[in-house]
Each structure stands twice: as structure tokens, then as C-alpha cells.
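Construct the complete structure from the given sequences, taking the supplied hints into account.
In order, the protein sequence lines correspond to chains U and F. Quick note on my numbering: the first sequence kicks off at 5 and runs consecutively. Quick note on my numbering: the second sequence kicks off at 5 and runs consecutively.
Since the hints were derived computationally from the structure, they do not count as laboratory data. None of these values were measured; they are calculated from a predicted model. A couple of the hints might just be wrong.
Since the list gives no way to pick one copy over another, a pair counts as held whenever it fits inside one copy or between any two copies.
As the list claims (entries may be wrong) - Subject to a maximum C-alpha distance of 27 Å in a straight line, what follows is the list of computed BS3-like cross-link-like pairs (lysine-lysine): (1) Lys148 x Lys136; (2) Lys164 x Lys219; (3) Lys164 x Lys18; (4) Lys50 x Lys219; (5) Lys219 x Lys127; (6) Lys133 x Lys144; (7) Lys133 x Lys27; (8) Lys27 x Lys164; (9) Lys133 x Lys216; (10) Lys136 x Lys50.
2 protein chains.
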Amino acid sequence: MDMKIKDELSSRMKCTQCSLFTKCMPQGLNVNEMTDIDALVTQRVKVKRGMSLFRQSSQFNSMYVVRTGYFKTVISNENGSDQVLGFYTRSDYLGFGSVLNEGHNCSAYALEDSEVCIIPYLKVDEIAKTIKNLQAHIRKLLSKEIARENFEMLSLGSVKAEGRIAIFLLNLSARHYERGYSRTDLNLSMSRQDIASFLGLTHETVTRGLSKFIKDGIILVDNRRIVIVDHDMLDLVINRENS
Amino acid sequence: MDMKIKDELSSRMKCTQCSLFTKCMPQGLNVNEMTDIDALVTQRVKVKRGMSLFRQSSQFNSMYVVRTGYFKTVISNENGSDQVLGFYTRSDYLGFGSVLNEGHNCSAYALEDSEVCIIPYLKVDEIAKTIKNLQAHIRKLLSKEIARENFEMLSLGSVKAEGRIAIFLLNLSARHYERGYSRTDLNLSMSRQDIASFLGLTHETVTRGLSKFIKDGIILVDNRRIVIVDHDMLDLVINRENS
DNA sequence: CGGGCCATTGACATCCATCAAAGCGTGTGG
DNA sequence: CCACACGCTTTGATGGATGTCAATGGCCCG
Numbered sequence: 005m006d007m008k009i010k011d012e013l014s015s016r017m018k019c020t021q022c023s024l025f026t027k028c029m030p031q032g033l034n035v036n037e038m039t040d041i042d043a044l045v046t047q048r049v050k051v052k053r054g055m056s057l058f059r060q061s062s063q064f065n066s067m068y069v070v071r072t073g074y075f076k077t078v079i080s081n082e083n084g085s086d087q088v089l090g091f092y093t094r095s096d097y098l099g100f101g102s103v104l105n106e107g108h109n110c111s112a113y114a115l116e117d118s119e120v121c122i123i124p125y126l127k128v129d130e131i132a133k134t135i136k137n138l139q140a141h142i143r144k145l146l147s148k149e150i151a152r153e154n155f156e157m158l159s160l161g162s163v164k165a166e167g168r169i170a171i172f173l174l175n176l177s178a179r180h181y182e183r184g185y186s187r188t189d190l191n192l193s194m195s196r197q198d199i200a201s202f203l204g205l206t207h208e209t210v211t212r213g214l215s216k217f218i219k220d221g222i223i224l225v226d227n228r229r230i231v232i233v234d235h236d237m238l239d240l241v242i243n244r245e246n247s
Numbered sequence: 005m006d007m008k009i010k011d012e013l014s015s016r017m018k019c020t021q022c023s024l025f026t027k028c029m030p031q032g033l034n035v036n037e038m039t040d041i042d043a044l045v046t047q048r049v050k051v052k053r054g055m056s057l058f059r060q061s062s063q064f065n066s067m068y069v070v071r072t073g074y075f076k077t078v079i080s081n082e083n084g085s086d087q088v089l090g091f092y093t094r095s096d097y098l099g100f101g102s103v104l105n106e107g108h109n110c111s112a113y114a115l116e117d118s119e120v121c122i123i124p125y126l127k128v129d130e131i132a133k134t135i136k137n138l139q140a141h142i143r144k145l146l147s148k149e150i151a152r153e154n155f156e157m158l159s160l161g162s163v164k165a166e167g168r169i170a171i172f173l174l175n176l177s178a179r180h181y182e183r184g185y186s187r188t189d190l191n192l193s194m195s196r197q198d199i200a201s202f203l204g205l206t207h208e209t210v211t212r213g214l215s216k217f218i219k220d221g222i223i224l225v226d227n228r229r230i231v232i233v234d235h236d237m238l239d240l241v242i243n244r245e246n247s
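Dropping the structure here:
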């Protein structure tokens with residue numbers, strides 16, 4: 005791993021006392037199970053902007069939950085061409101598309117200075133014996149990841165450039181809102197190039213799309229800061245092409 | 005469910021005696037665990053061509069393994085536009101991108117008269133208590149599904165029409181070969197339109213791509229039957245655009 | 001202050017979706 | 001068993017969306 009700083013969990017770092025607990029772990033646990041959960045996360049790690057949390061093909065030992073900051077996952081093929089698979093922030097799980105003994109199938113890079121909790125994979129089976137819901141919880145998380153990608157594939161197949169950008173902005177807005185941030189005022193951590201790669205476009209096309217939205221009075225843009233003036237219009241952009 | 009015929013499992017239908025056992029279930033089980041596995045699959049179901057195995061938004065109760073035949077999964081959005089997500093044949097798992105209580109996130113249709121084994125979701129947790137490897141096995145299957153979709157997303161993002169078609173043919177070839185069929189002689193169960201939707205293209209573009217491959221001496225085509233004359237050339241098609 | 005990455009805009013080329021038409025294959029009903 | 005109808009496949013012509021190449025200016029960080 006590329007990380008410099010590792011913090012052993014002190015008592016104040018228990019999962020059960022973490023502000024993300026309800027988003028991160030299964031619900032309806034009893035006291036004993038809570039204690040087991042606290043044993044699950046052994047470390048937190050800080051990752052500087054631009055550094056990788058894990059790399060494609062490296063050994064898969066752990067799953068991660070983002071505490072603070074922002075990550076992108078990237079998959080590379082043998083020709084060196086990259087594709088951004090997704091963006092991850094507070095309370096998102098990372099490193100799920102990977103299997104023990106087969107290594108990570110993508111790399112994860114920090115887009116800002118970030119911090120993650122580490123869940124050693126081997127502990128999951130161990131602790132799941134005593135916690136009934138944990139296995140189902142993990143299956144649910146895996147399923148969600150698949151469902152998310154299904155949705156992306158649907159979008160990329162049939163929707164054109166401006167529609168994809170609109171989808172991206174609305175998703176981002178919704179995700180920020182879920183986390184208690186503004187629904188209209190977005191500070192992007194990712195570059196135009198990252199967005200473009202994620203959406204299967206070029207960075208010029210992303211810029212042009214955003215410029216068009218500005219001209220139409222749908223958003224305001226100041227470099228990485230984007231204000232959504234009219235959510236409904238963004239919805240219309242998506243559907244207008246999909247007729 | 006849309007299926008007409010349901011067969012209760014007779015003794016000769018035990019998982020442990022099934023020709024697909026090694027592909028379908030975890031390895032290294034002892035005798036008792038084998039018995040438990042046999043209790044996992046309660047039914048087989050035949051699905052006629054064109055019929056659905058499950059439908060988007062319908063309740064999720066079971067996972068499926070294809071015994072014979074061919075399926076496609078399709079996701080629809082509110083505008084009625086569809087997208088083919090994947091194709092599934094012998095020993096493939098189906099219905100994994102779905103979670104208990106949240107319903108299936110896509111529909112599955114039989115492309116030929118087919119037969120599947122049904123694994124009731126609730127039994128999984130129950131039996132997993134006694135079989136150590138089953139949970140890990142399922143997580144592995146889920147991870148593979150995610151990895152597969154990651155790969156698709158990579159392809160769809162950066163590769164052009166002919167390259168996508170080449171990837172599709174090579175995948176199909178490899179999957180058939182894994183199952184003991186010819187690597188060069190493919191009998192497609194899906195229409196050009198299905199392939200097009202899966203690859204994010206139109207059916208005309210798929211046809212044109214195949215015609216180009218014929219002209220270049222890479223494949224032979226007779227309607228749904230395709231013979232791959234030169235695998236290496238297909239590889240070159242992919243890379244030539246990706247430079 | 002300077003260098004390098006990022007963002008924006010324009011001109012142009014190209015790939016592919018769209019529209020159209022015709023041939024072919026398959027399944028069904030008379 | 002044949003005929004017909006419908007859907008699937010193929011091919012052509014055309015226009016539009018978006019990738020590519022290029023140039024400029026801005027921002028951030030060292």
C-alpha cells in the first residue's frame with residue numbers, strides 16, 4: 005500500500021461510536037454483536053491526494069470504507085488505456101469487485117486528502133459466524149454495486165453526451181444531499197478528464213456540455229465549483245434525447 | 005413466474021450428481037456438506053423461448069443456475085428504452101444483481117428453450133452455517149459479476165464499434181470453449197438487435213461490422229451461425245483502434 | 001515567479017445513428 | 001402441406017454528434 009500514516013484504532017475510534025455507523029454496518033444488532041463489529045475494523049489509513057489506496061492486480065486483503073475525502077476507481081487494460089469506474093466518498097465501500105487470491109480488478113486513487121477504515125477480509129467470515137446479519141449485509145452491498153453498474157451501463161448505452169453529463173450531475177447532487185451537503189452547490193473533486201472517462205466521453209465534450217448548460221441557464225460553473233440552478237431542466241435534458 | 009412446468013427434484017437430480025457440480029458449487033466439501041448442498045436446490049424449471057424467468061421489480065426470492073439453454077438479462081428505464089446487460093448459458097448464475105426485499109433490477113428472458121435450477125435465497129443463509137465455504141463462494145460469484153461488468157464498462161467506454169463486436173465474438177468463443185464446445189464454430193442464440201443493445205450500438209452497425217469481418221476473411225457468417233476463421237485478426241481489430 | 005496541468009473554445013474529420021428498402025427465414029394458420 | 005405474414009438481416013444514402021487536433025488562458029503549487 006502507498007499510504008504513509010497508519011493509526012491503530014484507539015477506543016474513541018470504535019465503529020459503534022462512529023458517525024457513519026448506521027450507513028456502514030447492519031442494523032438491529034445486540035450488545036454482543038456490537039462488540040464484535042468493533043473488532044472488525046482494525047485500522048484507519050490516511051491517503052494523500054493523488055496517492056493510491058490499492059492497485060489493480062495487487063493482492064486483495066481488505067475492504068475499505070471511506071471516512072473522509074474522495075476516491076476514484078480506475079481499470080486499465082493491456083494497451084494502457086484507462087477508464088474511471090466510479091467515485092467514492094463518505095460511507096462508501098471500496099474494493100468490492102475483487103476476490104481473495106485473485107487480486108484487485110481496479111485501482112483506487114484519492115482525489116483529495118482522504119481517510120478510510122480497513123476491514124480485513126479474513127475477519128469477515130470469522131465474525132459473521134456470530135453476527136447473523138453481517139453476511140446478508142455484505143451480499144446486499146455487493147448487489148448494490150452490481151445494480152449501480154447495471155444502471156451505468158444502461159445510461160452509457162442509450163443516452164447521448166449532454167444526457168450523460170446531466171445524469172452525472174444529478175447523481176452527484178443526490179449523493180451529496182444524502183450525506184447532508186447542499187443539493188445545489190457542488191464542489192467537484194474530480195477533473196473534467198475523470199468525468200469524461202467515467203461517462204465514456206472526451207474532456208472537451210464534457211466542457212462543451214457544461215458550457216451549454218450555462219448558456220441555457222441550468223447551472224453555474226466556476227472551475228470545479230458547480231451550482232445547479234434548475235434540477236428539473238437537467239431531468240428534461242436526459243429525457244429529451246431518450247424519446 | 006411465467007413458467008409452465010416445474011419438476012420437483014427427484015433423486016437423480018441431486019446437485020452432487022449433476023454434471024455441472026464442479027462449476028456451480030464450492031470445492032472441497034465433505035460428505036455431510038454434500039448432503040446439505042443437495043438440499044439447496046429444490047426445483048428445476050423449464051422456460052420456453054421468449055418467456056421470462058423473472059422480471060424487473062418483481063420480488064426477489066431465488067437465485068438461478070442455467071442448466072441448459074440461453075438467457076439474456078434486460079434492464080428498462082421509465083422511458084421504455086431497454087438495454088441488454090448480459091447473456092447467460094450452462095453453469096452461469098442468474099439473478100445476482102438483486103437484493104432481498106428490493107426486487108430484481110433486471111428481467112431475464114430465455115433465448116432458447118431452457119432449464120434452470122432454483123436456489124431459494126433464504127436457504128442460503130441457513131445452509132451456509134454448516135458449510136464453511138458457501139458464503140465465500142457466493143461472495144466470489146458476486147465479485148465475478150462485478151468484475152465482468154467492470155470489464156464491459158471498460159470496453160464500452162473506449163473501444164469503437166468493430167472492436168466491440170470483436171470483443172463480443174472472442175468472449176463468446178472463450179465461453180463456449182470453456183463449456184466444451186467449439187472455439188471457432190458459434191451458433192448464436194441472440195439476435196443482432198440483442199448484440200447491438202448489449203454493445204451499445206444499433207443492429208445495422210453490428211451487421212456492417214460482421215460484413216466487414218467477412219470481407220477481411222476473419223469470419224464466416226450464415227445468419228446466426230458464425231465461424232471464426234482467424235482469432236488473431238480479431239485481437240488486432242480491438243487493438244488497432246485502441247492505440 | 002514560473003512551470004505544468006487543467007479548462008475552454010474553435011475548426012475539422014469521422015464514425016455511427018437514422019431512415020429507407022429489399023431479401024430471407026421462421027412459425028402459424030388455413 | 002403450403003402460403004402468408006411478420007420479424008430478422010443486410011445494404012445503401014445521409015446527416016449529425018462527438019472525437020481529434022490545436023491554441024489560448026487560468027489556476028495551483030512548488
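A quick look at each hint next to the structure:
1. Lys148 x Lys136: both (20 Å within a copy, 24 Å between copies)
2. Lys164 x Lys219: within (19 Å within a copy, 31 Å between copies)
3. Lys164 x Lys18: neither (45 Å within a copy, 49 Å between copies)
4. Lys50 x Lys219: For lysine 50 and lysine 219, neither the intra-copy (40 Å) nor the inter-copy (56 Å) Cα distance is at most 27 Å.
5. Lys219 x Lys127: Neither, since 53 Å and 56 Å both go past 27 Å.
6. Lys133 x Lys144: Intra 17 Å, inter 18 Å, cutoff 27 Å: intra and inter.
7. Lys133 x Lys27: Close inside one copy (22 Å) and across copies (26 Å); limit 27 Å.
8. Lys27 x Lys164: neither (33 Å within a copy, 39 Å between copies)
9. Lys133 x Lys216: Result: close neither inside a copy nor across copies, 54 Å intra and 56 Å inter.
10. Lys136 x Lys50: Answer is neither; intra-copy 31 Å and inter-copy 34 Å both fail.
Of the numbered hints given earlier, the model fails hints 3, 4, 5, 8, 9, 10; all others are met.
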